[in-house]
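Protein chains in written order, with this note's numbering: chain H, 1 to 407; chain G, 1001 to 1407.
Source of the hints: derived by calculation from the structure; they are not laboratory data. Do not rely on the hints blindly, as some may be mistaken.
Claimed, not checked - Short derived list, chain G residues pointing at chain H, Cβ under 10 Å:
1. Lys1020
2. Leu1024
3. Leu1050
4. Gln1075
5. Gly1079
6. Leu1392
7. Leu1394
Think of the CB as a built atom: it goes at the ideal place given N, C-alpha and C, for glycine as much as any other residue.
Each chain is listed here by its residues.
Number of protein chains: 2
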Amino acid sequence: MARIVQKFGGTSVADVGRIKSVALRVKSEVGLGNQVAVVVSAMAGATNQLVDWTRDTSRLHDAREYDVVVASGEQVTAGLLSLALQDLGIDARSWLGWQIPIRTDGVHGKARIETIDVTEICRRLAEGQVAVVAGFQGVGPRGRITTLGRGGSDTSAVALAAALEADRCDIFTDVDGVYTADPRIVAKARKLGRITYEEMLEMASQGAKVLQTRSVAMAMNHRMRVQVLSSFIDAPGTLVVDEDEIVEKQVVSGIAYSRDEAKITVQKVADRPGVAAAIFGPLADHAINVDMIVQSASEDGHTADLTFTVARADLDRAVAVLENGKKAIGFTVLKPDPNVVKVSVIGVGMRSHAGVAKQMFQALADKGINIQVISTSEIKVSVLIASEYTELALRTLHTAYGLDAPG
Amino acid sequence: MARIVQKFGGTSVADVGRIKSVALRVKSEVGLGNQVAVVVSAMAGATNQLVDWTRDTSRLHDAREYDVVVASGEQVTAGLLSLALQDLGIDARSWLGWQIPIRTDGVHGKARIETIDVTEICRRLAEGQVAVVAGFQGVGPRGRITTLGRGGSDTSAVALAAALEADRCDIFTDVDGVYTADPRIVAKARKLGRITYEEMLEMASQGAKVLQTRSVAMAMNHRMRVQVLSSFIDAPGTLVVDEDEIVEKQVVSGIAYSRDEAKITVQKVADRPGVAAAIFGPLADHAINVDMIVQSASEDGHTADLTFTVARADLDRAVAVLENGKKAIGFTVLKPDPNVVKVSVIGVGMRSHAGVAKQMFQALADKGINIQVISTSEIKVSVLIASEYTELALRTLHTAYGLDAPG
């Protein structure tokens, strides 16, 4: 007998028909003799509708009231799935954040889970009852409903699995696993049987939208085995596990890309101490995150060019902040460029293999793709390229690292 | 300074635009220097959608899960109205049933309110904060969400008003008050400035759908002044008050009708002791309420005919129950008739005026309308007539009792 947490996202519970399908999935897990807790998202579209209503109602944002409205979506799904399970003869009950309780801090709209009291749920799991838990929500220090921010149901699921000391946390979604690359672009992409937490974390933060970064980090901290699998296809997915559970390590496990980047080049900045602080300080003050940075000497020898990336959604704000500080920074020209994409090759095998970066640069150069910025970590190499080369770059690298599916 | 509870029904909060209008209404009450608590229903249509989902999900009914799903509707409105009020510069916060808490018994789907802890709300009202309370819901003895049944938001409002010792409970709805008769049928109907609790109770239970019977009974018990008024027109409505607050009493205050009735005649029942029990016992066992009853001797002198009414929705079930018990009861023919309507004249003045019933029977006879069954109470006379005479009967009685608007 195992204890399993299952999480079903919005598309998996989009309507009553799909909720009934989910109930069958849960039933078959119960049928294996396992204890099952289920975490559910809101029905697809419901959260957007609720968010739209709050925006249409008020220009101001009282995040506490926003949370009251938005958390209702998961409440509905939790009740409906409990009914669907009961209809199949499975003992089940719904749990809202405040009922368990899932205690969070008081940062409404993006709260962090502090504790989950699983005493009563454990007792009922042992009696064979399925716990259906509303994802994405908790209760704050002052007894008000909090939400964990977008994608928070993944985090709810992993946190609950950790608190329950579950054997596995299954994340059911609309893809059937983690691929070596986005299969919509790279036709020869393969589904990975296993991937390490570190790789998954890089994949998620480098643009692969299968799992929320936060939930992966939490799984890694608790060494919770997470499986990503499809709620529509009955097949094993990708298991996210500790590195020592993977026998045969690939040098490169996957290739990710992100279109959410934009590049800013600040030309002819005085090449003096403190100039980087003059640029990045004001951006940080405006909560604009800077990702890749490269500094190069200008042709004149007395100044430098600084190139860096920000989220595309922040580009206009970033430019305005820098133009405001033009005098203090002392630059001549500011060049924003939203037409860039970040491509990353990821693999824990890099730790013990040299030459991964070189191979990447060579493969791209062979296709005439210019690299604008480079950044690396222990298990990742990322490059910024013109967005028109996205597909070519991904397919080229996929082949270059021997990731293509046979046939 | 007064303390006012305002309640807004589903059509008053049907969309974001209307919720903003409600916020303006609340603001003007606050502007008068009053303390204001607001009770809201779900947005029109929301509850039906939620109920449909529960029905589509499960043939079984776990009322606890039904309550989890359905209570989310009022949660959304409470959050949105709080945001709309804040947008107008009014300090406001939402309260869900479990947060106050509004404690109920454990009868899910039609729970009864037991206690409301208003300590914290009172403190905040005194500080000028508006309390926006989700209607229709509470929390049961085991910490689960309960709902009060259809129309329960009226009950929430009156119960909250009583607990807060409010000066008045304003029920905003899509009609602008209580009329002497349904103005859609009786063009000369007049809006009543005041009506007694007893009359309102009879009006509600005799078919006038302005207020829920339960909320009127609760208002009467607590002597809470209730005003029924329109959320769309800025005009005083009808005040439901104690009898001694009405100086000039009408003999008849209003005429109500109900199409939700059906008649059953059981012919040639053996005229012996215990036969009524043989008929009405099985109906009660099947939770079928019987309203009006008349027994008359048959032509042969040895048997009796029994005629009574049940809710139209129960007619088929009632007939089946009686046919099953045909042998035990011993009747010859069972005649069901759904084409009937119950018309009632209501007024506390009847207590001191004789002849009200006689006037009714005469007026109907003058128009050739046959009375099938009669029932009376201290302040009401009801008759059952063929439904095709509904309009004629209502207009005739309205004129006969001098209720017609001048002009």
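Consistency of the hints with the structure:
A cut of 10 Å between beta carbons decides the hint on G:Lys1020: the least distance to chain H is about 7 Å, and the hint holds. The closest approach between the C-beta of G:Leu1024 and any C-beta of chain H is roughly 13 Å, which is over the 10 Å cut-off, so the hint fails. The closest approach between the C-beta of G:Leu1050 and any C-beta of chain H is roughly 7 Å, which is under the 10 Å cut-off, so the hint is satisfied. Among the interface hints, the one on G:Gln1075 holds; its C-beta lies about 5 Å from the nearest C-beta in chain H, closer than the 10 Å criterion.
The closest approach between the C-beta of G:Gly1079 and any C-beta of chain H is roughly 4 Å, which is under the 10 Å cut-off, so the hint is satisfied. Among the interface hints, the one on G:Leu1392 is violated; its C-beta lies about 46 Å from the nearest C-beta in chain H, farther than the 10 Å criterion. Using the Cβ-Cβ criterion of 10 Å, the hint placing G:Leu1394 at the interface with chain H is not satisfied: the shortest such distance is roughly 41 Å.
Of the hints listed earlier, those the structure fails to meet are numbers 2, 6 and 7, in rising order.
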